[in-house]
Each structure stands twice: as structure tokens, then as C-alpha cells.
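Trainee: Position chain B against the provided structure of chain A, taking the given hints into account.
Protein chains in written order, with the working numbering: chain A, 18 to 213; chain B, 18 to 213.
If you're looking for bench data, these hints aren't it; they were derived computationally from the structure.
A portion of the hints provided could be inaccurate.
In this list, chains with the same sequence are indistinguishable; a pair is considered to hold if it fits within one copy or across any two.
To be verified - DSSO-like cross-link-like pairs, simulated, lysine-lysine; straight-line CA separation at most 30 Å:
(1) K104 x K152
(2) K104 x K19
(3) K103 x K27
(4) K179 x K108
The structure displayed is predicted, hence computed values, not measured ones.
Protein chains: 2
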Amino acid sequence: MKEFIIIGHKAVTIPFSLNDLPGAAGRMDILCRCVNSALFLSHDLRRDVRVYLVLKGGAQSKIVRFDGASVRYLSPDERSSASLIKKALEKQAQGFWTESTPGVSVKVGDFGDLLDEMNKKIIYLREDGVDIRIKPIEAGSDHLFVLGDHMGLTEDEENIIKGREHEIVSVGPLSLHADHCIVLLHNEMDRSEKHI
Amino acid sequence: MKEFIIIGHKAVTIPFSLNDLPGAAGRMDILCRCVNSALFLSHDLRRDVRVYLVLKGGAQSKIVRFDGASVRYLSPDERSSASLIKKALEKQAQGFWTESTPGVSVKVGDFGDLLDEMNKKIIYLREDGVDIRIKPIEAGSDHLFVLGDHMGLTEDEENIIKGREHEIVSVGPLSLHADHCIVLLHNEMDRSEKHI
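Chain A with its partners taken away, still in its complex shape (with noise of 0.2 Å):
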């Protein structure tokens, strides 16, 4: 399984207009850009791949969860999963998960408690981090991916990843988006599964 936390430090909690992700949806786009990387092949979903957005910018924090194995009506534009997250945005969301579409679930709580639910060892991507062709990510094994949007990570963020087990990583020498990040992460786990 392979699992990748996103961030999203403006993105609305309520839902929201698909005509202005940018805006009024405080940056949504990034995050549906981060579902698309994170889920498609040609012509083919990633099945072994999970994705938690973390919405931050209401009252109170949500987390959407896209599950590659059971997603369905998912489309790569950026509309298509907006459309699922708003969806998922529609349900009176509790503390635990509530399928919303058929692969797409929601939950209030933050970034610390579903790194809490997961129990996990992190990779966290920073410009500063280990390159991952220095040192690979290991095959074949879980993992868990934390990327922050447009605004990185805040240093409450790092300091909670900072107090659980996780290594720092990088994808190459210059400032990537997330959703790039992503496909590059793929590539090398592709590779290294396939032993090319």
C-alpha cells in the first residue's frame, strides 16, 4: 500500500462552487491535481494507492479520503475529483470515516490524529530532504507519503511529524508542486518494484 497525506491549508470544509477551485475553494485544485498524480495510470487506476486530503481552511479540519481500490466515477480532470470531494464536503461528517461515493470518504480531524489512525513511518518531501535516488525507497514495503501545498508545511506540521518516526526526502533540485512530486515518487517506486 502506498499512501500519500496532502496537506491543503486553505481548502474549504462546506462545499464549494467547481467553477473556481483557485479561489473560492482555497487552492482545491492543488489537492485534485495531488488525486489525479497520486491514482492514475494510462487507462488504469493505481489500485495499491490511498490518498487523504487534510482541508484546513474552515473551523474545523476534515480529511477526504480517495481509496484506489474501490473509487469509482473518477475522472483525471481536476473537476471530476473537486466533484467527489465536494460530494464527500455534502455529508455531515463525523469522527470517523463515512463513505461518501464509492471509494471516497470523510472524516473531521486533523493532520496528528490521522498520522494517530495510521501509525505509520513518514516520508516527508522538503526541497531539503535525502534525494531519492541517493537514497531509494524501499520495494515492496508500505509506505506513507506527507506533501504540503502552495504554503509547504507549517512548523506545528513538522513538529508533529518531527515527534514520530519519518525520514526527510527530496525528488530532485528544484521546487516541485506537489502533484509533480507525486508522479516522480511513482516512477521510482515503479522502477524499483520492476527492478529497472
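Mentor: Same frame as chain A, but now just chain B:
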């Protein structure tokens, strides 16, 4: 200069609704994501990149060009690049480049015309190509990449490539979307330019 040609076989050549990029606009979402992955760094643009979208879903093919050195009003979301493509298609396209908004231009023309105009060696992305980690992309050179949409390239289009100086490369063991391939090509070139 790094140049990317992406062929959109169904992409319409007249103004379209921004609310249905995959359907009515003929998988315009694919081309919009390619614009994103070719041009965007985190909080910056790749100034040394040009993207050419070949729109083949009309009576007469058109080409829309994004120039990273001069493009304005472009945000990373699909709707933003779609909006600039739409503005380009509102122009009366001719057989020469007409600028529709800063850094975005349009002309009537097909894939072969464009290759004639560019007159450069082609690097064609195909699943069975030589892995870019086996035969690295030369650092610091001009490069012209050609990628297909969800339909790949037609036999006719492949024959157009075969009549010119070209090589066929791949970016990994799995079949990926064109925009994901562009991310991987950039990363390989970024590493090569920084010698890491």
C-alpha cells in the same frame, strides 16, 4: 530551449465551455494538464519551455503555442490554461502565428507543418522506447519532445516522425498520462543540468 508537442486527436478547434473539458471540448483536459506540467515550477515558471498543442478535433487542425518566456495570466489549474486556449480559438487563425494573449499564439496547421517549421530532431515518447535512464537526454541542448493524448499517435503521425531525424524514448515501466511523462522528462533534464 525545451519544446513539447502534444497531439489532441479529439480536441476542438472552436471556443468551448470551460465546464466540460473532457467531454464537449474533446479531452482538452489532457492538453491543459500538459501545459501545467511543462511550464510550472513551484511559485515559478519554466521560462525555457514552449508547448505546442495540436488540436485535431475540427475540420481544420489548429496549433496553440504557450511560450514560458512571455506567457501571462496563466495559473496552474486546468481551467486557467483552458481559458487561454479558448481565447486563442476565438481569434481568426491564419497560416502564421497570431498572438491571442501574451505568450499564447495560434495558427492553422497540422503536426507535419509544425515539424517542418521547427526542423529539429524529434524525441518521441512511446512505451516501448529506450529508457531515458539507459540513454540519457543530452544536457544543455535544444530538445523537441512529441507526446500523444489518450489515443497515442496514429500510424500516419508515426510515419511523419519516421521520415525525420528522431529517437523513441520511454520514461519508465508503466504506461502513463502525457502530463506525467512531461514531469519525468523535466526531472531527468533538471538533474542532468545540475549534475545530480
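Trainee: Indicate, hint by hint, whether the structure satisfies it.
Mentor: Now the hints, each set against the structure:
1. With identical chains, the CA atoms of K104 and K152 are never at most 30 Å apart, being 40 Å at best within one copy and 46 Å at best between copies.
2. In this assembly of identical chains, the alpha carbons of K104 and K19 lie at most 30 Å apart only when taken from the same copy (24 Å versus 40 Å across copies).
3. Within a single copy, K103 and K27 get their C-alpha atoms as close as 15 Å, and across copies as close as 29 Å, so both meet the 30 Å cut-off.
4. For the homomeric pair K179 and K108, neither the shortest alpha-carbon distance inside one copy (33 Å) nor that between copies (54 Å) is at most 30 Å.
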